[in-house]
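Asker: The primary structure of each chain is shown beneath.
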Amino acid sequence: MAALSTLKAQTRSIDIATCRDDFPVFSREVHGKPLAYLDSAASSQMPEPVMRAYTDYHSRYHANVHRGVHLLSQEATEAMEAARESMRELINARSGKEVIFTSGTTDAINLVMQTYGRSQIGEGDEIIISTMEHHSNIVPWRMLCDEKKAVLKVIPISDDGVIDMEAYESMLSDRTRLVGIVHVSNTLGTINPVKEITRLAHSRDIPVLIDGAQAVSHMKVDVQDIDCDFFATSGHKMFGPTGIGILYGKEEMLSKMPPYRGGGDMIISVSFDEVLFNDLPYKFEAGTPNISGAIGMGKAAEYIQAIGYDAIRHKEQELLKYATEKLSAIDGLRIIGTAPEKSSVVSFVMDGIHPHDIGTILDLEGVAVRTGHHCTQPLMDRLGVVATTRASMAMYTRKEEIDQLTAALQKAVEIFK
Amino acid sequence: MNDKMSQLYQQVLLDHNKTPRNYRELENADQESLGYNPLCGDKYKVFVNIDEQDIVTDVTFIGDGCAISKASASMMTNIAKGKHVDEIDSLYHQFHDMVRGKLDPDTDPNDLGHLKIFAGVRDLPARVKCAVLSWHTLNAAIKGKEKVSTE
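Those sequence lines, one after another, are chains Z and W.
Residue 414 in the working numbering is what sits at position 414 of the first sequence, and the numbering runs on without skipping anything.
Residue 568 in the working numbering is what sits at position 151 of the second sequence, and the numbering runs on without skipping anything.
Among the hints, erroneous ones may be present.
[Unchecked claim] Straight-line C-alpha distance at most 35 Å; calculated DSBU-like pairs for lysine-lysine:
(1) W:Lys-519 <-> Z:Lys-411
(2) Z:Lys-153 <-> W:Lys-462
(3) Z:Lys-153 <-> W:Lys-460
(4) W:Lys-435 <-> Z:Lys-399
(5) Z:Lys-417 <-> W:Lys-533
(6) W:Lys-533 <-> Z:Lys-411
(7) W:Lys-460 <-> Z:Lys-411
(8) W:Lys-421 <-> Z:Lys-321
(9) W:Lys-435 <-> Z:Lys-417
(10) W:Lys-421 <-> Z:Lys-411
(11) Z:Lys-33 <-> Z:Lys-321
(12) W:Lys-460 <-> W:Lys-500
(13) W:Lys-421 <-> Z:Lys-33
(14) W:Lys-460 <-> Z:Lys-417
(15) Z:Lys-220 <-> Z:Lys-399
(16) W:Lys-421 <-> Z:Lys-326
(17) W:Lys-560 <-> Z:Lys-326
(18) Z:Lys-326 <-> W:Lys-460
(19) W:Lys-435 <-> Z:Lys-33
(20) W:Lys-519 <-> Z:Lys-33
(21) W:Lys-460 <-> W:Lys-519
(22) W:Lys-435 <-> Z:Lys-411
(23) W:Lys-500 <-> W:Lys-560
(24) Z:Lys-33 <-> Z:Lys-399
(25) Z:Lys-220 <-> Z:Lys-250
(26) W:Lys-421 <-> Z:Lys-399
(27) W:Lys-462 <-> Z:Lys-411
(28) W:Lys-435 <-> Z:Lys-321
(29) Z:Lys-256 <-> Z:Lys-195
(30) W:Lys-435 <-> W:Lys-533
(31) Z:Lys-33 <-> Z:Lys-326
(32) W:Lys-519 <-> Z:Lys-417
(33) W:Lys-533 <-> Z:Lys-33
(34) Z:Lys-149 <-> W:Lys-460
(35) W:Lys-560 <-> Z:Lys-417
(36) W:Lys-421 <-> Z:Lys-417
(37) W:Lys-462 <-> W:Lys-421
(38) Z:Lys-33 <-> W:Lys-460
(39) W:Lys-460 <-> Z:Lys-148
(40) Z:Lys-417 <-> W:Lys-462
Simulated from the structure, these hints should not be mistaken for lab results.
Bound-form chain Z, shown alone (with noise of 0.2 Å):
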């Protein structure tokens, strides 16, 4: 098939010193100055061989997926299926029977509360989660609590953002259906230890999901040896298109849950009386998916793979060590999230000075950085911080943009002082 043979052509070694010049918008200017991407655990920059297999799609083979008997919905079948078995590869699933598309890390998580939790959870029953979560894997529980009655219970955290793991393991009960942690935090840095957790869900039959939207791009994920039962994770944080996901759930789990959205794919035969439901991963799959969303997040798998998670990780930590001494040193800067086990994002305060002020002072020096609650609203409260400025790097973030950022962080000093 033309389009495979494309798709897989580019599978070959990409080495990471210079795989920033596969992005083009890092050729343009922020108000004047050099664009500084410090914005990666937001929405990550995309390379161009995505691009091309997301264009190629719409320009040579856009057709409907597992309909059409003509070669060019046959071509966009494969490739979509292509995609799937490439986010099997990388987060090692059994069978892309256990890759569902999704149209993100939020709609994964929604369709595990709407399916396992619906079926599953009921009055007096508990649910874990932590306090650094995203308000995607609070909310969806917190609705299907007060839906069900049932009782949201909270890991604490250290003052540097690390698990209590003891508090965690006291809370494990008969009572627990299921456990929902995030596997690294967006706002903190903080890398959970997600295969402990998992091991001590396990060991009183709790299922776990782990939202893994920031890990992906910076660490290798092996959902058989972390043995968790969910996995949910985004395109667009792993430099693949917007609006796409995957929820990586076990076949036993996959194949025991209600569906979720009814339509059309999700079946085998319908009537007015009675509908057969399709096999997995379909039966998830109502309605015509994100066909070009997937295809994209499968060559940005094959991307991170063809550079490798050693040269990203070793990259990164380098990153990480430069960015933290370097913002350290400035005048009354406070980093928020000091984990031993971090992945490359700084979250920070500074005296005096709101982060959305900073956060307008570096975008008016071309530096991108996140500023708010980041979607943590709990965790915010915990540490007790409105707010904080968040500068997240990824494989192609250059030592320059962090030197970028501190500069512009000094004219802040100066301009407030």
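On the provided structure of chain Z, position chain W as indicated by the hints.
Answerer: Frame of chain Z; chain W shown alone:
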């Protein structure tokens, strides 16, 4: 410093941010309202006393947020004190139009005076809400609404 930055973060604004005027709770206020911007957590409470002629005899505020929102609140209380509610309503609309780029304070007729320093916000769409939060809140307090949100 580049032009946009120096235009926005003028000394006047920085001074009002550091030492906000009328920054206190008004005990037994006739009306009060809470303004909240959930996006950035900016939160201000505005208190007003209004006499029988609909003159705002006193206006104060408390709360926290960015420099733009705090300076805006501070300057607003200075300018609103002693004015008729209709005048304040007119200023509220002029200010709103200015930060949204619909009114040019240098060429269009207006009564904005010192408030002109917030004109630079029109180039920063993400910050418009910071500048108008306290004005929305004052407007709500005058009209007797207890809560207002800029989201």
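Asker: Which constraints among the numbered hints does this structure fail? Numbers only, ascending.
Answerer: Violated: hints 17, 35.
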